[in-house]
Amino acid sequence: MDYICLVYVDENRLASLPRGERDTLLATTCDYRRRLLTEQHYQWGQWLPSARLGTTLRHREGGLRLRDGAAVPGVEQLALVVLLRARDLDHALSLAAGLPLVRLGCVEVRPLSEPSPWARRGDVQGREVFVD
Amino acid sequence: MSISGHIEALYRHESRRVLATLIRLLGDFDLAEEALQDAFAAAVSQWPRDGIPDNPRAWLISAGRFKAIDRLRRRARFDASLDELALRFEQAAEMPDLDLTVEDDRLRLIFTCCHPALSEQARVALTLREVCDLTTEEIASAFLIPTPTVAQRIVRAKAKIRDARIPYRVPEKGELAERLDSVLQVIYLVFNEGYFPSSGDVPTRADLSSEALRLGRLLLSLLPEPEVGGLLALMLLTEARRAARTDAAGDPVLLDDQDRSLWDRALIAEGENLVEQALRSRRFGPYSLQAAIAAVHAEAASPEQTDWAQIVGLYDVLLRAAPSPVIALNRAVAVAMRDGPQAGLALVDGLLDAGELRHYYLAQAARADLCRRLGRVAEARDAYRAALALCQQGPQRVFLEKRLAALANEKNVSAAVESPRS
Numbered sequence: 001m002d003y004i005c006l007v008y009v010d011e012n013r014l015a016s017l018p019r020g021e022r023d024t025l026l027a028t029t030c031d032y033r034r035r036l037l038t039e040q041h042y043q044w045g046q047w048l049p050s051a052r053l054g055t056t057l058r059h060r061e062g063g064l065r066l067r068d069g070a071a072v073p074g075v076e077q078l079a080l081v082v083l084l085r086a087r088d089l090d091h092a093l094s095l096a097a098g099l100p101l102v103r104l105g106c107v108e109v110r111p112l113s114e115p116s117p118w119a120r121r122g123d124v125q126g127r128e129v130f131v132d
Numbered sequence: 133m134s135i136s137g138h139i140e141a142l143y144r145h146e147s148r149r150v151l152a153t154l155i156r157l158l159g160d161f162d163l164a165e166e167a168l169q170d171a172f173a174a175a176v177s178q179w180p181r182d183g184i185p186d187n188p189r190a191w192l193i194s195a196g197r198f199k200a201i202d203r204l205r206r207r208a209r210f211d212a213s214l215d216e217l218a219l220r221f222e223q224a225a226e227m228p229d230l231d232l233t234v235e236d237d238r239l240r241l242i243f244t245c246c247h248p249a250l251s252e253q254a255r256v257a258l259t260l261r262e263v264c265d266l267t268t269e270e271i272a273s274a275f276l277i278p279t280p281t282v283a284q285r286i287v288r289a290k291a292k293i294r295d296a297r298i299p300y301r302v303p304e305k306g307e308l309a310e311r312l313d314s315v316l317q318v319i320y321l322v323f324n325e326g327y328f329p330s331s332g333d334v335p336t337r338a339d340l341s342s343e344a345l346r347l348g349r350l351l352l353s354l355l356p357e358p359e360v361g362g363l364l365a366l367m368l369l370t371e372a373r374r375a376a377r378t379d380a381a382g383d384p385v386l387l388d389d390q391d392r393s394l395w396d397r398a399l400i401a402e403g404e405n406l407v408e409q410a411l412r413s414r415r416f417g418p419y420s421l422q423a424a425i426a427a428v429h430a431e432a433a434s435p436e437q438t439d440w441a442q443i444v445g446l447y448d449v450l451l452r453a454a455p456s457p458v459i460a461l462n463r464a465v466a467v468a469m470r471d472g473p474q475a476g477l478a479l480v481d482g483l484l485d486a487g488e489l490r491h492y493y494l495a496q497a498a499r500a501d502l503c504r505r506l507g508r509v510a511e512a513r514d515a516y517r518a519a520l521a522l523c524q525q526g527p528q529r530v531f532l533e534k535r536l537a538a539l540a541n542e543k544n545v546s547a548a549v550e551s552p553r554s
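If you read the sequences in order, they're chains A and B.
Take the first sequence: its position 114, counting from 1, is numbered 114 in my numbering, and each next residue is one higher.
Just so we're on the same page, my numbering is the position in the second sequence counted from 1, plus 132.
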């Protein structure tokens with residue numbers, strides 16, 4: 001099953017890393033990605049630019065409202081998204097724990113579960129909406 | 133015994149085992165529960181005619197599995213994907229020797245219900261429902277929360293187990309300690325809610341505590357780890373004092389004032405034995421240490437004969453193993469018994485100043501008691517009032533109010549003249 005790993009870090013902490021540590025972080029991340037790829041766990045991944053570059057849009061009565069910055073305020077912001085294939089949640093969690101960036105923050109692991117065949121209708125509302 | 137009596141007894145003793153195995157075979161809690169009910173219904177209708185099978189448990193598991201396949205087949209008329217699933221269950225290799233795997237399945241069920249990816253409340257509700265077979269209504273009334281709240285917690289937990297694919301397995305060696313912690317925490321939480329209810333008007337709820345003891349014994353039989361024995365010992369040694377813990381009016385009695393002849397010697401002996409085993413293993417943790425402290429209390433024929441030096445020493449080890457302000461508070465109270473109230477009060481005030489215990493009524497109650505013993509009546513009164521403002525539990529409030537009222541008869545005496553209790 002596929003799991004999406006959302007890695008959150010404190011951007012200021014990331015930016016203030018000494019050059020050497022920054023290089024090590026990038027290099028170990030590359031190595032780990034390669035390992036996941038060989039073991040056929042890695043599906044897709046993306047570093048995100050700073051949340052400061054984000055623009056958040058909300059529909060309000062009277063029109064759209066735009067705001068500078070991330071949708072959810074906070075010190076830790078989404079910095080890396082990785083899609084993994086794993087046996088079960090424990091397996092996915094152990095793979096996610098190995099992402100070097102997680103040492104600087106935290107990772108939320110969410111299942112992209114296929115609705116169980118006997119799940120009652122309504123249990124998994126709206127999951128098909130974006131599927132062609 | 134009549135056949136229906138036999139089936140009833142079987143349900144009581146075997147239904148959780150059968151359920152645990154069906155969950156593994158079918159991979160779904162709800163489907164397994166339906167299959168369990170179907171299997172017992174089949175027993176009720178077939179056994180009077182055909183006789184009781186040689187291995188009733190295996191019969192029930194097998195019947196449950198076929199009933200689940202039937203259900204999937206019937207539903208497959210509306211959903212073709214179920215047909216394939218039913219076929220898969222049918223073709224699955226014949227079940228291996230059931231008696232060998234069935235106890236593993238019980239352990240799997242416990243670890244899945246107590247998985248740390250579930251919230252603490254969900255773990256407690258799911259474990260009581262699936263492992264202990266308490267009804268949703270029973271869980272709700274034990275924890276004084278509405279039934280729909282419990283039902284929703286259970287439904288959501290099962291949905292997460294299914295949709296996030298929380299595995300049905302016993303953790304491997306490397307992760308066992310951490311995962312076992314989560315299981316022990318659930319059991320201790322159930323016990324504590326029975327022994328020190330967080331709210332409501334009854335001082336203890338024996339039903340929840342006995343459920344926790346049953347769980348502890350089951351877990352120890354399935355997984356004989358030292359900390360499991362330590363937790364069971366702690367619960368037994370605490371449970372042993374239940375009869376002495378409340379007076380005739382149902383009000384709480386402090387440890388020092390309890391009638392020790394009411395303590396249950398059989399439970400104490402069983403607990404002491406388990407503590408010794410855990411400590412000897414040298415792989416013990418916080419539960420074994422707390423059990424060791426309870427055992428020191430249990431050994432003393434009177435409060436005066438308590439080995440307070442040993443208790444303080446055990447608290448020192450415990451604080452290093454599991455630092456927490458509540459344990460630091462308990463240590464402070466033990467220091468007060470060993471070195472006198474002045475020494476204890478200094479520690480309690482330090483903890484209150486640090487802030488974490490500011491909203492913990494027992495910290496204020498401990499301060500009040502130490503001030504009272506030092507003759508600092510005005511400060512004691514303020515602290516009892518602060519404790520009352522924080523305490524939600526009926527009988528404990530009555531106790532604090534009594535203490536506060538008794539202060540009115542005491543005069544303010546100089547702190548310096550009181551000597552330590554020994």
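Calculated from the structure, these hints are not laboratory results.
Bear in mind the structure is a predicted one, so any value in this text is a computation, not a measurement.
The beta carbon of each residue, even a glycine, is placed where N, CA and C say it ideally should be.
Possibly wrong hints are sitting among the right ones.
[What the hints assert, rightly or not] Chain A side only, calculated, beta carbon under 10 Å to chain B, not exhaustive:
(1) Asp90
(2) Ala92
(3) Leu93
[Said to hold, decoys possible] The following label-pair restraints were derived from C-beta to C-beta distances:
(4) A:Leu17 - B:Lys305: 33 to 39 Å
(5) A:Asp68 - B:Gly482: 53 to 59 Å
(6) B:Ala441 - A:Ala97: 41 to 47 Å
(7) A:Leu17 - B:Asp388: 36 to 42 Å
(8) B:Leu219 - A:Pro18: 56 to 62 Å
(9) B:Asp313 - A:Arg35: 28 to 34 Å
(10) A:His59 - B:Ser147: 33 to 39 Å
(11) B:His491 - A:His59: 38 to 44 Å
(12) B:Glu140 - A:Thr38: 54 to 60 Å
(13) B:Gln169 - A:Glu39: 40 to 46 Å
(14) A:Thr55 - B:Ser353: 57 to 63 Å
Now the hints, each set against the structure:
With a cut of 10 Å, the hint placing A:Asp90 at the interface with chain B holds, because the nearest CB-to-CB distance is about 5 Å. A hinted interface residue such as A:Ala92 counts as satisfied when its beta carbon comes closer than 10 Å to some beta carbon of chain B; here the least separation is about 8 Å, so the hint holds. A least Cβ separation of about 8 Å between A:Leu93 and chain B falls short of the 10 Å threshold, and the interface hint therefore holds. Distance hint check: the CB atoms of A:Leu17 and B:Lys305 are about 35 Å apart, consistent with the given range 33 to 39 Å.
Separated by about 46 Å at the C-beta atoms, A:Asp68 and B:Gly482 break the suggested range of 53 to 59 Å. Checked against the hint of 41 to 47 Å, the C-beta distance between B:Ala441 and A:Ala97 comes to roughly 43 Å, which is consistent with it. Look at A:Leu17 against B:Asp388: about 56 Å separates their beta carbons, and that is not inside 36 to 42 Å. The supplied range of 56 to 62 Å is met by B:Leu219 and A:Pro18, whose beta-carbon atoms lie about 60 Å from each other.
Checked against the hint of 28 to 34 Å, the C-beta distance between B:Asp313 and A:Arg35 comes to roughly 29 Å, which is consistent with it. For the hinted restraint 33 to 39 Å between A:His59 and B:Ser147, the CB-CB distance of approximately 52 Å leaves it violated. The supplied range of 38 to 44 Å is met by B:His491 and A:His59, whose beta-carbon atoms lie about 41 Å from each other. Taking the beta carbon of each, B:Glu140 and A:Thr38 are about 57 Å apart, inside 54 to 60 Å as hinted.
The supplied range of 40 to 46 Å is met by B:Gln169 and A:Glu39, whose beta-carbon atoms lie about 42 Å from each other. For the pair A:Thr55 and B:Ser353, the beta carbons lie near 59 Å from each other, so the given range of 57 to 63 Å is met.
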